[in-house]
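Participant: Chains as they are written, first to last, in the numbering used here: chain D, 1 to 81; chain S, 1001 to 1257; chain C, 2001 to 2358.
Calculated from the structure, these hints are not laboratory results.
Please note that the accuracy of each hint is not assured.
What the hints assert, rightly or not - Restricting the straight-line Cα-Cα distance to at most 16 Å, the calculated cross-link-like pairs of lysine to aspartate or glutamate (EDC-like) are:
#1 C:Lys-2269 <-> C:Asp-2249
#2 S:Lys-1022 <-> D:Asp-72
#3 S:Lys-1008 <-> D:Glu-10
#4 C:Lys-2233 <-> C:Glu-2292
#5 C:Lys-2231 <-> C:Asp-2159
#6 S:Lys-1016 <-> S:Asp-1092
#7 C:Lys-2160 <-> C:Glu-2186
#8 C:Lys-2200 <-> S:Asp-1092
#9 C:Lys-2277 <-> C:Glu-2266
#10 S:Lys-1046 <-> S:Asp-1068
#11 D:Lys-25 <-> D:Glu-11
#12 D:Lys-25 <-> D:Glu-10
#13 C:Lys-2231 <-> C:Glu-2097
#14 S:Lys-1229 <-> D:Glu-21
#15 S:Lys-1008 <-> D:Asp-72
#16 S:Lys-1022 <-> D:Glu-11
#17 C:Lys-2200 <-> S:Asp-1049
#18 C:Lys-2127 <-> C:Asp-2194
#19 D:Lys-47 <-> D:Glu-29
#20 C:Lys-2200 <-> S:Asp-1068
#21 D:Lys-3 <-> D:Glu-49
#22 S:Lys-1229 <-> D:Glu-11
#23 S:Lys-1196 <-> S:Asp-1068
#24 S:Lys-1008 <-> D:Glu-5
#25 C:Lys-2193 <-> C:Glu-2097
#26 S:Lys-1016 <-> S:Asp-1049
#27 C:Lys-2160 <-> C:Glu-2181
#28 D:Lys-47 <-> D:Glu-11
#29 S:Lys-1199 <-> S:Asp-1068
#30 C:Lys-2200 <-> S:Glu-1043
#31 S:Lys-1229 <-> D:Glu-10
#32 S:Lys-1199 <-> S:Glu-1247
Each chain, written out:
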Amino acid sequence: MAKGEITINEEYCKGCELCVEFCPKGCIEMSTEKYNSRGLLMPVFAKPEECTGCTTCGFMCPDAAIVVYRFDKDKTPVSED
Amino acid sequence: MNSETAGKSLAYEKPKLINDNKFHFCPGCNYGIIIRLIASVLEEMKLTDKTIGLVSAGCYVQTPWYMDVDFVAALHGRAPAVATGIRRVHPDAFMFCMQGDGDLGAIGMGHFMNAMMRGERWTTIFLNNACYGQTRGQMAPTTLLGMRTTTTQDGRDAEKTGYPLHVAELAATMKGVVYAARCCVNTPANYAKAKKMLKTAFQKQLDGPGMSILELLSACPSNWGLPPKEALAFLTENMIAEYPLGEYKNVEPKIDV
Amino acid sequence: MAETILSTGNEAVGHGALYSGCKYFFGYPITPQNAIPEFMSREMFKAGGSYVQAECETAAINMVFGAAAAGARCMTSTSSPGIALMGEGLGGISASELPAVVVDVVRMGPGWGTVQQGQTDYRLLTKGGGNGGYRCISLAPASVQEVFEFMQTAFYLADKYRIIVYVVSDYILGEMAERLELKTLEFDPLPSKDWAVRGKGNNGGTHNTIVPAVGNIEGGIPGYHLHQDKKYKTIEREEVRYQTYQTEDADLIMVAYGSSARISHEVMKQLRADGVKAGLFRPISLWPFPIEQLRELAEGDVRLITVEDSQGQLVEDVEFAAQGKAPVDLIGVWARDLPTPSGVLTPDNVYQEVKKII
Chain D
1 MAKGEITINE
11 EYCKGCELCV
21 EFCPKGCIEM
31 STEKYNSRGL
41 LMPVFAKPEE
51 CTGCTTCGFM
61 CPDAAIVVYR
71 FDKDKTPVSE
81 D
Chain S
1001 MNSETAGKSL
1011 AYEKPKLIND
1021 NKFHFCPGCN
1031 YGIIIRLIAS
1041 VLEEMKLTDK
1051 TIGLVSAGCY
1061 VQTPWYMDVD
1071 FVAALHGRAP
1081 AVATGIRRVH
1091 PDAFMFCMQG
1101 DGDLGAIGMG
1111 HFMNAMMRGE
1121 RWTTIFLNNA
1131 CYGQTRGQMA
1141 PTTLLGMRTT
1151 TTQDGRDAEK
1161 TGYPLHVAEL
1171 AATMKGVVYA
1181 ARCCVNTPAN
1191 YAKAKKMLKT
1201 AFQKQLDGPG
1211 MSILELLSAC
1221 PSNWGLPPKE
1231 ALAFLTENMI
1241 AEYPLGEYKN
1251 VEPKIDV
Chain C
2001 MAETILSTGN
2011 EAVGHGALYS
2021 GCKYFFGYPI
2031 TPQNAIPEFM
2041 SREMFKAGGS
2051 YVQAECETAA
2061 INMVFGAAAA
2071 GARCMTSTSS
2081 PGIALMGEGL
2091 GGISASELPA
2101 VVVDVVRMGP
2111 GWGTVQQGQT
2121 DYRLLTKGGG
2131 NGGYRCISLA
2141 PASVQEVFEF
2151 MQTAFYLADK
2161 YRIIVYVVSD
2171 YILGEMAERL
2181 ELKTLEFDPL
2191 PSKDWAVRGK
2201 GNNGGTHNTI
2211 VPAVGNIEGG
2221 IPGYHLHQDK
2231 KYKTIEREEV
2241 RYQTYQTEDA
2251 DLIMVAYGSS
2261 ARISHEVMKQ
2271 LRADGVKAGL
2281 FRPISLWPFP
2291 IEQLRELAEG
2301 DVRLITVEDS
2311 QGQLVEDVEF
2321 AAQGKAPVDL
2331 IGVWARDLPT
2341 PSGVLTPDNV
2351 YQEVKKII
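Let's have the full structure, built from the sequences with the hints guiding it.
Facilitator: Right, here's the structure in full:
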């Protein structure tokens, strides 16, 4: 069951694929047909159910395009590291 | 968007200090990660009201457009001199000085060495991406041997250009330096280590005299001619081998005569 | 009654800085201005400020950049080769419109030149030393008292217009000693430096960014240059300074600044004694140059003779001002008493040269 979810700001994102690389659960995949206004292929939150809300994709995204949420059931505070 | 909607709470968004301007850095450039790392530590240590940042010539010179603290941009290589002037006028300001490898290690080497000799009190954040990024990829003092750049098109050759420059180790030899370390943000684990080192470096500046220096290896996909993922792999395999991570100096900041 | 002391020109720079409330000096040893940093290394700390001996002049001017960006009155002093090294930094300060005072104790150039007398920086100081065609105000004292007073004027003008102001001394003025009355000059009030960096917490929460580049203000690049040009035109209209000596009935007018003006004044007296109606026009602001005032004199029935210890640089501006309305002659380095570095223009030699011309 998903513990968290992310949003991707497609105007900030440059399609560098690092979020795909760093997500420990492989929740993010590169789309093959979704482009942003600059014609860059976008990553998509493909496997939301795997997301643990660990925030890695958030701070490892070079363009601050990803915001990470955590569902309230799991109230344990997780520091950013 | 960051308001708490029903059933979930915010876990990560960019630090408040970073405004909404889009970063101009190339896709996969580590600078976007690094400036948010700096911003998050400035916020956590409640330094933003008294911070004066310095940037010099390089891709990171745009940082003032993304981070809402006082900034002065210095002419190429001159940041340590500009910072010296600011420090005399504002002894209580919190200062960090971002410099690239060409900026600090080539044109600005004289200023950097003398600032360390004077034991100037600020934190130097040395961005080592082994090339001149902004000018499209020429050799820098930290370019690895055998590494191809626009001015070492057959790979850097020691006979013609000498050897890579090791700044953290060099800084550790200077009495005026109280903290010298090297890290990078190529993995979440190293991101955490870098953050810890940056906090230590910033705390040194608050505790007393002397310069604190954090060298951060940074991938430069465009000029290394590698896609972002492979640029990070190159950094992990080759840059870290030449520039070992770790703390090279960590002493108590006091006048030591 | 203000205190009167015996002071060299170089020390007068130090006193002038103190009387201007300047507390930050960044310099580097170079003959013939060394007495200035030596004075500053004592006095700046006493005044609650700082002195830094930089690693080179390039560093010194960038330290001035930093201190000025931080909102403080600050300065450097050097000699001709140092000004050359400062060119890029001067351009950076001009681009970000920071106020600063730079003292040039001129020595003969180019290159090493000599470590002694010369006036070969005129073009550099009035036409800009670095890239981009920026303007700096240049004040040329001709006495120790004027060195002291022009320092105070320089700091005022620098803050008023957010510009670099040169105080142009030289080997003779710097090393000679004269009576100096230590008085504080009065100036109009100045706006606060809310553009300076001091930590946004000390600025009502708004953060400032200072960048030595063009186009960072409203209107981008054209806006920047139009803004600067408007400022320069205002300065050319309102900040011209000069002095005339017996030019009312003169049919021969010498044009000279700094120590050459003192020498020319002597020659003028000798010529007057010979019955020659000689006068002297002394530019005090080298930029903004007193073009209109000199042009007015040139329109009378006069001959202009430029006296300068160089190969002929001031003479170009004199010719420009005269615009052919009066013959312009030059008495330059050939009127020195010795061909060696220690040679100087002397009243007798200049007098002989004038006699050859008229």
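Participant: Taking the hints in turn, state whether each one holds.
Facilitator: Right, here's what the structure says about each hint:
Annotation: proposed proximity of C:Lys-2269 to C:Asp-2249 holds, straight-line Cα distance about 14 Å (limit 16 Å). Between the alpha carbons of S:Lys-1022 and D:Asp-72 the distance comes to roughly 31 Å, so the proposed pair goes past 16 Å and is violated. For the proposed pair S:Lys-1008 and D:Glu-10, the alpha carbon gap of about 22 Å is over 16 Å, so the pair is violated. Of the pairs offered as hints, the one joining C:Lys-2233 and C:Glu-2292 holds, with about 14 Å between alpha carbons and a cut-off of 16 Å not exceeded.
About 13 Å separates the Cα atoms of C:Lys-2231 and C:Asp-2159, which keeps this hinted pair within 16 Å; it holds. A hinted pair counts as satisfied when its Cα atoms are at most 16 Å apart, and S:Lys-1016 with S:Asp-1092 does not qualify at roughly 23 Å. With a C-alpha separation of about 14 Å, the suggested pair C:Lys-2160 and C:Glu-2186 falls inside the 16 Å cut-off, and the hint holds. The hinted pair formed by C:Lys-2200 and S:Asp-1092 meets the criterion: a straight-line CA distance of about 13 Å does not exceed 16 Å.
Our distance criterion of 16 Å between C-alpha atoms is met by C:Lys-2277 and C:Glu-2266, whose separation comes to about 14 Å. Restraint check: the Cα-Cα separation between S:Lys-1046 and S:Asp-1068 comes to about 14 Å, which is no more than 16 Å; the hinted pair holds. With a C-alpha separation of about 25 Å, the suggested pair D:Lys-25 and D:Glu-11 falls outside the 16 Å cut-off, and the hint is violated. Straight-line distance between C-alpha atoms of D:Lys-25 and D:Glu-10 comes to about 21 Å, which puts the hinted pair past the 16 Å bound.
At most 16 Å may separate the alpha-carbon atoms for a hinted pair to count; C:Lys-2231 and C:Glu-2097 meet this at roughly 11 Å. A distance of roughly 7 Å separates the Cα atoms of S:Lys-1229 and D:Glu-21; the hinted pair therefore holds under the 16 Å criterion. In summary, the hint linking S:Lys-1008 to D:Asp-72 is supported, as the alpha carbons are separated by about 5 Å, within the 16 Å threshold. Of the pairs offered as hints, the one joining S:Lys-1022 and D:Glu-11 holds, with about 8 Å between alpha carbons and a cut-off of 16 Å not exceeded.
The hinted pair formed by C:Lys-2200 and S:Asp-1049 meets the criterion: a straight-line CA distance of about 5 Å does not exceed 16 Å. A C-alpha spacing of about 30 Å is found between C:Lys-2127 and C:Asp-2194, which places the hinted pair above 16 Å, so the restraint is violated. For the suggested pair D:Lys-47 and D:Glu-29, the alpha carbons sit about 8 Å apart, so the restraint of at most 16 Å is met. Restraint check: the Cα-Cα separation between C:Lys-2200 and S:Asp-1068 comes to about 9 Å, which is no more than 16 Å; the hinted pair holds.
Restraint check: the Cα-Cα separation between D:Lys-3 and D:Glu-49 comes to about 8 Å, which is no more than 16 Å; the hinted pair holds. The hinted pair formed by S:Lys-1229 and D:Glu-11 fails the criterion: a straight-line CA distance of about 21 Å is larger than 16 Å. Taking the CA atoms of S:Lys-1196 and S:Asp-1068, the gap is about 22 Å. The hint is violated against a cut of 16 Å. This hinted pair checks out: S:Lys-1008 and D:Glu-5 have alpha carbons roughly 9 Å apart, not beyond 16 Å.
Proximity of C:Lys-2193 to C:Glu-2097 is assessed by CA-CA distance (about 12 Å); at most 16 Å being required, the pair is judged to hold. At roughly 13 Å between alpha-carbon atoms, S:Lys-1016 and S:Asp-1049 fall within 16 Å of each other, so this suggested pair holds. In summary, the hint linking C:Lys-2160 to C:Glu-2181 is not supported, as the alpha carbons are separated by about 25 Å, beyond the 16 Å threshold. Taking the CA atoms of D:Lys-47 and D:Glu-11, the gap is about 22 Å. The hint is violated against a cut of 16 Å.
The suggested pairing of S:Lys-1199 with S:Asp-1068 is violated, with an alpha-carbon distance near 19 Å, which exceeds 16 Å. Between C:Lys-2200 and S:Glu-1043 the alpha-carbon distance is near 14 Å, which keeps this suggested pair within the 16 Å criterion. Taking the CA atoms of S:Lys-1229 and D:Glu-10, the gap is near 19 Å; set against the 16 Å cutoff, the hint is violated. With a C-alpha separation of about 13 Å, the suggested pairing of S:Lys-1199 with S:Glu-1247 holds against the 16 Å cut-off.
Checked against the numbered hints above, the structure violates hints 2, 3, 6, 11, 12, 18, 22, 23, 27, 28, 29, 31; every other hint is satisfied.
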